[in-house]
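S.K.: These protein sequences, in sequence, are chains W and A. Quick note on the working numbering: the first sequence kicks off at 1 and runs consecutively. Quick note on the working numbering: the second sequence kicks off at 109 and runs consecutively.
Just so you know, the hints here were simulated from the structure itself, not pulled from any lab data. All the given hints hold, so there is nothing to weed out.
Partial list, derived from the structure: chain A residues whose beta carbon lies under 10 Å from chain W:
#1 117
#2 150
#3 152
#4 196
#5 205
#6 210
Bear in mind that the values here come from a model prediction, so they are computed numbers and not experimental data. Just so it is clear, CB atoms sit at the ideal spot from N, CA and C, and this is done for glycine as well.
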Amino acid sequence: GIQVEQSPPDLILQEGANSTLRCNFSDSVNNLQWFHQNPWGQLINLFYIPSGTKQNGRLSATTVATERYSLLYISSSQTTDSGVYFCAVNQAGTALIFGKGTTLSVSS
Amino acid sequence: DAMVIQNPRYQVTQFGKPVTLSCSQTLNHNVMYWYQQKSSQAPKLLFHYYDKDFNNEADTPDNFQSRRPNTSFCFLDIRSPGLGDAAMYLCATSKVKETQYFGPGTRLLVL
Numbered sequence: 001g002i003q004v005e006q007s008p009p010d011l012i013l014q015e016g017a018n019s020t021l022r023c024n025f026s027d028s029v030n031n032l033q034w035f036h037q038n039p040w041g042q043l044i045n046l047f048y049i050p051s052g053t054k055q056n057g058r059l060s061a062t063t064v065a066t067e068r069y070s071l072l073y074i075s076s077s078q079t080t081d082s083g084v085y086f087c088a089v090n091q092a093g094t095a096l097i098f099g100k101g102t103t104l105s106v107s108s
Numbered sequence: 109d110a111m112v113i114q115n116p117r118y119q120v121t122q123f124g125k126p127v128t129l130s131c132s133q134t135l136n137h138n139v140m141y142w143y144q145q146k147s148s149q150a151p152k153l154l155f156h157y158y159d160k161d162f163n164n165e166a167d168t169p170d171n172f173q174s175r176r177p178n179t180s181f182c183f184l185d186i187r188s189p190g191l192g193d194a195a196m197y198l199c200a201t202s203k204v205k206e207t208q209y210f211g212p213g214t215r216l217l218v219l
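With the rest of the complex left out, here is chain W:
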């Protein structure tokens, strides 16, 4: 089955710093989503981005489908950005296949 790899596994930042999270996938996909899992466990949709670039406030994402990777950019990080960031993909089926996540810690 398709493999999803995220890097780095852990990231520690000072408030105000910028960061880039990467997601590599091993096969073509129909769907790619980025999520933020907050400390209470809820998965919050950040982007639905099978290809192209999107921006939402301090966050933006780019997926290059032909090269099988996606990047999530966080600018001017805040303590509330802390948590786990997941990339998830699916192909012809409906199951989202998740990467192992990047754990982000932002300190003030």
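Using the hints, position chain A against chain W.
M.R.: For chain A alone, coordinates are given in the frame of chain W:
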């Protein structure tokens, strides 16, 4: 606001005692999913409904069952919970092949 609601948020059960988790949605999506997320792991799909059609993942244990009585509600039944079933259970909904929206989850503890 349209949303995915899960009840209860926390559930404690005894080893072997059946438990039912609930999910409801106001998004009118035709696909509903149940994912299991164990500590420090990524979510993993257990099964999903496309309208009333039930689809079980190949490696979902027989101990797990699901019911979808109508478009809005979906239930996860764990017939005989074991210690290894302690996890966060996440419900999600979507239109076909579109963005999946997740509920807040139910954290299950098995004693």
